[in-house]
Amino acid sequence: MVRKIKDWLEVRIGLAEIIRTQLTGYMVPGNINLFYTLGFVALAAFFSQVATGFFLLIYYLPHSEYAFRSVQDIMSRVPYGWLFRMMHAVGSNLMVATVVLHMLSVSYMGSYKKPRELTWVAGAFMLFVTLTFCLSGYLLPWSQLSYWATTIVTSIPAAIPYAGDMIAGTLRGGEMVSGATLNRFFAIHVILLPLLLIFLFGIHLFLVRRIGVSSPPFGRTAPRWRPGTSFRHEDHPDGHPFYPYFVQREMMMVFLYFAAMFFIIAFLPTLFSPDDANTPADPFRTPAHIKPEWYFLPFYQLLKLIPNKLLGIGIQALLAALFIFWPFIDTREEDNILKRPRLLALFAAVVVSWVILTVWGRYS
Amino acid sequence: MDRRRVLKSLLVLLGSALSVSLIYPLVRYLAPPSGAEQGGKVTIKKSEVEVGSSKDIVVRNIPAIVINTPEKGFIALSKVCTHLGCLVQYEKSKNRLLCPCHGGVYNLEGTVISGPPPKPLQKFAVKVEGDSVVIG
Ligand code: HEM
Ligand code: FES
Numbered sequence: 005m006v007r008k009i010k011d012w013l014e015v016r017i018g019l020a021e022i023i024r025t026q027l028t029g030y031m032v033p034g035n036i037n038l039f040y041t042l043g044f045v046a047l048a049a050f051f052s053q054v055a056t057g058f059f060l061l062i063y064y065l066p067h068s069e070y071a072f073r074s075v076q077d078i079m080s081r082v083p084y085g086w087l088f089r090m091m092h093a094v095g096s097n098l099m100v101a102t103v104v105l106h107m108l109s110v111s112y113m114g115s116y117k118k119p120r121e122l123t124w125v126a127g128a129f130m131l132f133v134t135l136t137f138c139l140s141g142y143l144l145p146w147s148q149l150s151y152w153a154t155t156i157v158t159s160i161p162a163a164i165p166y167a168g169d170m171i172a173g174t175l176r177g178g179e180m181v182s183g184a185t186l187n188r189f190f191a192i193h194v195i196l197l198p199l200l201l202i203f204l205f206g207i208h209l210f211l212v213r214r215i216g217v218s219s220p221p222f223g224r225t226a227p228r229w230r231p232g233t234s235f236r237h238e239d240h241p242d243g244h245p246f247y248p249y250f251v252q253r254e255m256m257m258v259f260l261y262f263a264a265m266f267f268i269i270a271f272l273p274t275l276f277s278p279d280d281a282n283t284p285a286d287p288f289r290t291p292a293h294i295k296p297e298w299y300f301l302p303f304y305q306l307l308k309l310i311p312n313k314l315l316g317i318g319i320q321a322l323l324a325a326l327f328i329f330w331p332f333i334d335t336r337e338e339d340n341i342l343k344r345p346r347l348l349a350l351f352a353a354v355v356v357s358w359v360i361l362t363v364w365g366r367y368s
Numbered sequence: 658m659d660r661r662r663v664l665k666s667l668l669v670l671l672g673s674a675l676s677v678s679l680i681y682p683l684v685r686y687l688a689p690p691s692g693a694e695q696g697g698k699v700t701i702k703k704s705e706v707e708v709g710s711s712k713d714i715v716v717r718n719i720p721a722i723v724i725n726t727p728e729k730g731f732i733a734l735s736k737v738c739t740h741l742g743c744l745v746q747y748e749k750s751k752n753r754l755l756c757p758c759h760g761g762v763y764n765l766e767g768t769v770i771s772g773p774p775p776k777p778l779q780k781f782a783v784k785v786e787g788d789s790v791v792i793g
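Residue numbers (the numbering used here), protein chains in the order written: chain A, 5 to 368; chain B, 658 to 793.
To be clear, the hints were calculated from the coordinates, so they are not data collected in a lab. Even glycine gets a Cβ: it sits at the ideal position worked out from N, Cα and C. All clues stand as given, with none of them false.
Quick partial rundown of chain B residues pointing at chain A, CB under 8 Å, derived from the structure:
1) P682
2) R685
3) Y686
Start from the sequences and build out the full structure, keeping to the hints where you can.
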């Protein structure tokens with residue numbers, strides 16, 4: 005049966021050649037490591053969000069009068085609704101974590117260097133899209149937490165001179181966060197961002213395949229491949245086959261991802277949902293200690309530390325620009341970070357201040 | 658059995674267990690909520706429906722019609738045509754129910770007179786208590 009289908013496809017689309025050039029004969033570097041699977045895990049995480057998001061949409065009502073009730077119903081009435089909601093909510097946190105780890109690993113492997121600058125830029129935008137996913141999704145359950153976290157975030161642009169109020173107003177669809185904001189965020193969350201992410205991913209993957217996988221600077225056996233002045237695909241003739249060698253490792257990491265997800269759902273179900281997440285939104289009462297999600301804490305704390313709001317936003321914008329265009333700033337050819345102590349110190353400093361700002365933001 | 662075969666069947670076993678534990682919740686999740694269709698009698702006043710006239714009601718989420726016939730008193734029928742689900746209309750002058758979609762015709766008993774519908778309209782029990790009518 006399988007044989008027959010294969011033969012049928014072989015005649016029509018040359019299946020064997022696709023398998024040979026794209027899977028079994030497509031070679032990845034011999035010293036490739038597990039960190040290289042993180043991009044694939046991030047993709048799997050996104051698909052899990054799409055699937056569970058679709059199931060949630062079947063019962064979720066995007067209206068300020070019904071949203072909270074409908075999410076409570078998904079949690080307690082609809083059979084197994086809790087499962088899909090928890091997969092989506094916990095998954096959003098894990099997806100951010102995965103994307104960040106992926107980004108850290110390409111930083112430490114120096115994979116963003118020539119000729120892969122554009123791959124990095126596309127990836128940077130994908131991180132922003134992922135964070136915007138979380139921001140917009142956070143409002144949808146219309147809880148106290150949703151409402152006030154969104155109020156805070158949408159006030160940030162108001163500090164921009166001249167255009168600030170207009171930007172804040174457009175985001176909110178009015179003076180205050182209201183049902184109009186919910187409808188806007190809902191449309192962004194379920195249509196705009198998924199399309200945008202898929203589009204960016206298309207570019208990202210095209211570049212990865214076209215340029216070839218970078219060989220990690222650690223444990224190299226072959227001499228280092230150097231980009232020249234004209235285009236050349238980086239191949240690894242004596243590396244490992246993508247399928248089955250690398251796909252197996254990717255699948256293992258995907259299972260690890262879901263193991264982490266179900267561990268949290270089973271043993272730490274309240275990790276990402278404080279009490280205010282279970283109280284309906286009340287525009288006339290701000291709860292005490294409203295804190296953003298962990299992945300926004302460093303930005304939040306940085307904004308708090310800088311007394312002038314405009315300066316705070318300016319610095320964040322500058323940091324974002326540095327991040328997006330990093331490959332154009334660090335243009336040194338050496339890709340082994342162990343041979344670049346100052347770069348190593350810089351990366352370490354960024355990670356350490358990130359952690360400090362997170363902890364500080366959480367407990368201040 | 659060699660090692661490869663054992664590992665392969667283990668993988669199949671695990672894979673099936675995994676699929677079942679995802680598909681079962683999903684089927685339950687997507688199944689229409691049970692219980693919503695039970696119970697629910699509808700009570701109306703006799704004076705609301707004069708002899709020869711009718712009133713639209715909803716019984717257990719089904720659109721229905723109460724007709725006060727001169728011959729048989731109150732009757733209650735589902736309006737959902739048994740052909741393809743359009744809603745039938747009461748034609749007072751002809752003493753019949755007509756489906757606008759493909760011309761199915763029923764008499765006031767709900768029996769098919771002509772057209773494509775395969776079975777009679779669903780009937781609801783009617784009880785007259787004092788000056789109210791209880792349907793369902
Ligand atoms: C096409 C894809 C997606 C669809 C259709 C979708 C749909 C939804 C819906 C209907 C909700 C509201 C119900 C609820 O709160 O559980 C929601 C919440 C949420 N979504 Fe998504 N979503 C998608 C992708 C994503 C992605 C990629 C992320 C982030 C990585 C994300 C992050 C969130 C977050 C943080 C919430 C709030 C969770 C909570 O506290 O309940 N979503 N989404
Ligand atoms: S649906 Fe009523 S006759 Fe076809």
